[in-house]
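Q: The primary structure of each chain is shown beneath.
There are 2 protein chains.
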Amino acid sequence: MAAAAAEQQQQGFRPLDEASLVAYIKATPALAARLGGRLDALTIKEVGDGNLNFVYIVLSDAGSLVIKQRAYFEASALQKHRGLCPDHVPEVYHFDRAMSLIGMRYIEPPHIILRKGLIAGVEYPLLAEHMADYMAKTLFFTSLLYNSTTDHKKGVAQYCDNVEMCRLTEQVVFSDPYMLAKYNRCTSPFLDNDAAAVREDAELKLEIAELKSMFIERAQALLHGDLHTGSIMVTPDSTQVIDPEFAFYGPMGYDIGAFLGNLILAYFSQDGHADQANDRKAYKKWILKTIEDSWNFLSNYGINTKMGMGKHTCPLYTTAFVELWNKHKDGNGEAYLPPIYNSSELLRLAQKKYMTSLFHDSLGFGSAKMIRRIVGIAHVEDFESIEDASKRASCERRALNCAKAILKGRRQFESIGQVIVHVQSFDRD
Amino acid sequence: MAAAAAEQQQQGFRPLDEASLVAYIKATPALAARLGGRLDALTIKEVGDGNLNFVYIVLSDAGSLVIKQRAYFEASALQKHRGLCPDHVPEVYHFDRAMSLIGMRYIEPPHIILRKGLIAGVEYPLLAEHMADYMAKTLFFTSLLYNSTTDHKKGVAQYCDNVEMCRLTEQVVFSDPYMLAKYNRCTSPFLDNDAAAVREDAELKLEIAELKSMFIERAQALLHGDLHTGSIMVTPDSTQVIDPEFAFYGPMGYDIGAFLGNLILAYFSQDGHADQANDRKAYKKWILKTIEDSWNFLSNYGINTKMGMGKHTCPLYTTAFVELWNKHKDGNGEAYLPPIYNSSELLRLAQKKYMTSLFHDSLGFGSAKMIRRIVGIAHVEDFESIEDASKRASCERRALNCAKAILKGRRQFESIGQVIVHVQSFDRD
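The listed protein sequences correspond, in order, to chains A and B. Numbered by this note's numbering, the letters in the first sequence go through residues 1 to 429 in order. Numbered by this note's numbering, the letters in the second sequence go through residues 1 to 429 in order.
Some but not every residue of chain A turned toward chain B, in silico, with C-beta under 10 Å:
# : residue
1 : 157
2 : 164
3 : 178
4 : 203
5 : 206
6 : 251
7 : 336
8 : 350
9 : 353
Okay, the calculated bits of chain A under chain B, using three or more residues with CB under 8 Å as the criterion:
#  : region
10 : 149-156
11 : 165-175
12 : 213-221
The hints are simulated quantities; they were obtained by calculation from the structure and are not laboratory data. For glycine and all other residues, C-beta sits at the position ideal for the given N, C-alpha and C.
Turn these sequences into a full structure, and let the hints guide you.
A: In structure tokens, the structure reads:
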């Protein structure tokens, strides 16, 4: 971790422990105020992964916050995305560059990690529109659809330094699953042949090469960089996106695909969580509906047919990606200058082409994220929590085969509805 | 020019005039030595454009060099590309960051600008293989086929600062020709309707948007950035690429397309230069052959069928793009890891896919470069030197129609031979 080491050597950096953390908070009015000044009986919980991040939840009688260290790009992306989408990004109270320290909102209970909610079978009726809102705003406003080339390249240069995190992603998403790699694992012995088949699939390898190059080369927008269902905290009313430590300028489809792909994983895991009390059939339908709505709300297609179907669909009308584009088409955005795209029909055609390309990118990256969670190093709790290995393998195999087919055939899909039909067609042995 | 202004304000910068230039050379051993120490009777010619660059040719009895000021990215790219391809990039003798000054080789007569040679009807039998060599090496060795992500992103971040030059390109290549812009011009009144048709061509505008986004977003390799036939100095034996002041990390096809597109412009201009002494028919065939060979030598396809056809085709065998790829496939390149692309058949498929995509990018960018030279601000001497405006317009119209068709249909071409046939089909009224 050369970057982290360099950061440590910055003047003024010292890793905090609980005692020095309290002293730091006392000396920092922006943080002390969030705890209501009640600093003598703080409860401090260390919740970091013991590796890259020091993470503390700090509670007083009168308030709460989270402190993270070693998190420059996370802080930077949080602040940027929070400015663009305050409803779904937690507030940063304080950032200390020299200490690589952020003090931020503690996302309090009853918020839970979305992935856990999906495993428990909880419906989140606002999830699709909240996430569409988040993705539309963070991606659109950090792209050349909204920014001048000068501003865009400034951002690109800044986040080039987060290269260690990008390298990690490259390895675990785009490389290891397609080769014999030390830390790859799968539900053995059931999926051994399936994992071997991935390593021998020439067509899949040609597709993943294209996505890998796009991931590294294409600075389309400032991404969250790790937008799976473990990076989202939810209640039925609230959706908060956290942990953008992998933030970088990359292809938009990587964020969108991460979210949709992890929902598809959740879908295929449901049979493993079904029991006599709940066969999960209705819940599976809700997941598919959420996948479909997320893309449709984001892309703003099909809004007309959905208007009035429910109280939650209308607000999207003004925040979806294409709506933002229309609203800001006369701004500083470099990509589509009004004197060139000078009729509403031409602009509509350009938008359709752009969104189709984004759709196919999202499907590609989404399926790559699915594959790596089944045959790569890091698995997901959706499947891991299925105790019966044979049953787990069966769920995983369906997801894997579905993902392989999407990755190879993604350019044939014309709508998210077709993808949903495709997903369902793999939902059997 | 905010970047240039900032550069001027750097400590130590002062613009040189002839007197202070001589003093600078006397105080700089690396430069004085190149003039054989004969500094008392220097001949100095100011050959800059009076705008961005101060350029001086300095001659003594015993040597020569060129001094340029305001050229940080040019110096940086020259040094990088010279290291990769010393045969076709002039040597940098001295670089002074604070003064934004480079001292470099004076490309001596009988070298002339290639564009002038093409207008005069001079054949350069080594041009195709020299340029294929230059493009293969500079592009391959600055891409993820050869470099780690870490090194690649360092380079990307560095050249993000050359944004002013990128913005200029965006405007004159990808924007102005497709809208009413103040400085657009064409051979009026003959081409007025043709220029208007470009501004009303929805299909063309959708394609140019895709290329423009790729130009800004896709950091595939360190490009020359302005590789037209005016940036190349030639003799029958020597090919030297100069003036990379637009250098940045962009799509490889932009450099390749610039070169090929300008050769196609030269082709269509020939009828305007024909006279009773020389109908230029043989020369036109040579240009087409040079276009075809340049791509084939670069991509290394068809080498087998060409082997032994002439003394100049063999050396290419070891320097073309795919040969470099094969030679360095076990190096640090991040894009195609050997444990994944683990059979020669699979690697060949990956290379074919990569080169096909590069071919289509090159055709797209090449045709965009042609269009802008006919209906945009900056025209080419190939056409401008045709005095009869009606004849000039006729040549330009063929080139324009050819370029429009390539831009729209580029993905249908499977070989450069098909492109040549296509070009010839437009060579009539």
